[in-house]
Amino acid sequence: MADLCAVVGVGQTKHASCRADVSIAGLVREAVDRALADANIGIDDVDAIVIGKAPDPLEGVAMPELWLADALAAHGKPVFRVHTAGSVGGSTAIVAAQHVMAGIHGTVLTIGFEKQSDGNAMWALSVPIPFGMPVHAGAGGYFSPIVRGYIKRSGAPSHVGAMVAVKDRTNACRNPYAHLHEPDWTLEKALESPMMWDPIRFVETCPSSDGAMALVLMSEERADKHAGPKAWVHATAMRSEPTAFAGREQVSPRAGEMCAEDLWRKGGITNPAKEIDVAEIYVPFAWFEPMWLENLGFASRNEGWRWVEDGITDIGGALPVNPSGGVMSTNPIGASGMLRFGEAAMQVMGKAGEHQIDGARKAIGHAYGGGSQFFAMWLVSNGKP
Amino acid sequence: MSEADGIMRLRQPISVTYNWSAGPNATSHLNGLLAGTLIGKRCPSCSLVYFPPRNGVCPKCARVLGDDVVVGPRGTITTFCVVNVPFLGQKIKLPYVAAQILLDGADISMQHLIQECEAGDVRIGMRVEPVWKDRSEWGPSLENIAHFRPTGEPDRDMGVEAGAS
Chain A
1 MADLCAVVGV GQTKHASCRA DVSIAGLVRE AVDRALADAN IGIDDVDAIV
51 IGKAPDPLEG VAMPELWLAD ALAAHGKPVF RVHTAGSVGG STAIVAAQHV
101 MAGIHGTVLT IGFEKQSDGN AMWALSVPIP FGMPVHAGAG GYFSPIVRGY
151 IKRSGAPSHV GAMVAVKDRT NACRNPYAHL HEPDWTLEKA LESPMMWDPI
201 RFVETCPSSD GAMALVLMSE ERADKHAGPK AWVHATAMRS EPTAFAGREQ
251 VSPRAGEMCA EDLWRKGGIT NPAKEIDVAE IYVPFAWFEP MWLENLGFAS
301 RNEGWRWVED GITDIGGALP VNPSGGVMST NPIGASGMLR FGEAAMQVMG
351 KAGEHQIDGA RKAIGHAYGG GSQFFAMWLV SNGKP
Chain B
1 MSEADGIMRL RQPISVTYNW SAGPNATSHL NGLLAGTLIG KRCPSCSLVY
51 FPPRNGVCPK CARVLGDDVV VGPRGTITTF CVVNVPFLGQ KIKLPYVAAQ
101 ILLDGADISM QHLIQECEAG DVRIGMRVEP VWKDRSEWGP SLENIAHFRP
151 TGEPDRDMGV EAGAS
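Taken in sequence, the protein lines are chains A and B.
For the first sequence, counting from 1, position 237 maps to 237 in this note's numbering; every step adds exactly one.
For the second sequence, counting from 1, position 14 maps to 14 in this note's numbering; every step adds exactly one.
With the rest of the complex left out, here is chain A:
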């Protein structure tokens, strides 16, 4: 039986398109200092550090964990670096939690970051590969045909993506750390936004951000003696599948369904739609909100878009999704998954401020990466399992 693990501190940077005021180390340290202050501990109290980021070409710094060890005061401590593409922020938090659950370390600091303004994300995600025709155009070019497949399969009306975009951009105005603060979006205006990767409109895409998220995790023994709110980790799950294989369901990948089934089973959840109070889901393109609602088992197949239309995922709806504004408002890729995990923790700790969902007891953080091939999820609660 694994030990219990709790989140006792959460800290994130102010996210922006360009944090020219800090180095990568400075950006990471800003999140770490806030997480440590939130946990009311010092950096000397940390036993181990687990850090994650997306591909190194995003900033052009190979193995940044080596030189970030300085800024993390990691001398004499183990440092681990995790990499699972865009899901890395989630899988990094899971690896950190597993060090605690395994009884190896009592207090673990975990960080996800990306400083995209130091490089060129579109280029880094569009490098020609020997077998392919170079017609893809960044992540949007990859995911847009999949969105087209979802729209055809589900019969969703074309305004659903814009509805999600307006919701997330509006939610972000309640989150002081969010990159985009754009209070003036309306559905009418969003529908006039230009088609970037048809059928994906400009407003339906995430920004490119600089930012970091850090969490302090503790064992049950330490957390029990620790004053302040906690988010107990009830379940974690990860699954992978190849990017391409014959007959692959790209709209709702089997690995994502398996990951969710595993999470619900481990967490003792039999009816996610009823039992989960708030969800922070990795939605880099607006249409992925209804797609992931189905993949996660919240909505039935081809019904996810109705949840959006019915306002179920709004703040105040039955299942608020991304009250923080989500990836649609803040996307430092390597941090984005941990932002989902950390925001879920903040909700059950009652620390989400203006975007707090009243009475949130159970929340999930979700992340995916690569060609929808890596999935990472956790279920947190204000009470012990």
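Calculated directly from the structure, the hints in this document are not laboratory data.
Computed from a prediction, not measured in an experiment: that's the story for all the values here.
You may find that some hints are simply not true.
Said to hold, decoys possible - Partial selection, computed: residues in chain B whose CB lies under 7 Å from chain A: (1) Gln100; (2) Gln111; (3) His112.
Note that CB positions come from ideal geometry on N, CA and C, so glycine has one too.
Given the structure of chain A, go ahead and fit chain B onto it with the hints provided.
Frame of chain A; chain B shown alone:
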């Protein structure tokens, strides 16, 4: 927070050239491209045909792929994207259609460019054929095909699983 006074930022270009070892399975596919033939590989376990055969291993069965299978040259569009966004290193004039094409005889789609029709006329299920570049420009690459164009045949019904690979 965009530009901070007094904080230095240095532009540091990086360039690197790699060698890539194709392995025996992918080599027959690449040799096929040099000869103007589209060669895929059949999995000896599930019998599905992979084009291109990428790593020479069936991603589902993890078995080493077996016999060469000539596929195409015609195929069907399974889904597509109309690209309107400019980016560094882009080689094609905007807007263009990047489509997933299921070549006849293959069991997995591959991405290529659609030209010789309006972007707005491209459909899921549309039949297309390759237009090869001049042989003097060929290398071991799918770029030997300049683009795909509509054949004018009736559309194929791709079923409800449009978007599946």
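Requested in this report: Return the numbers of the hints above that this structure violates; sort them in rising order.
Outcome: none
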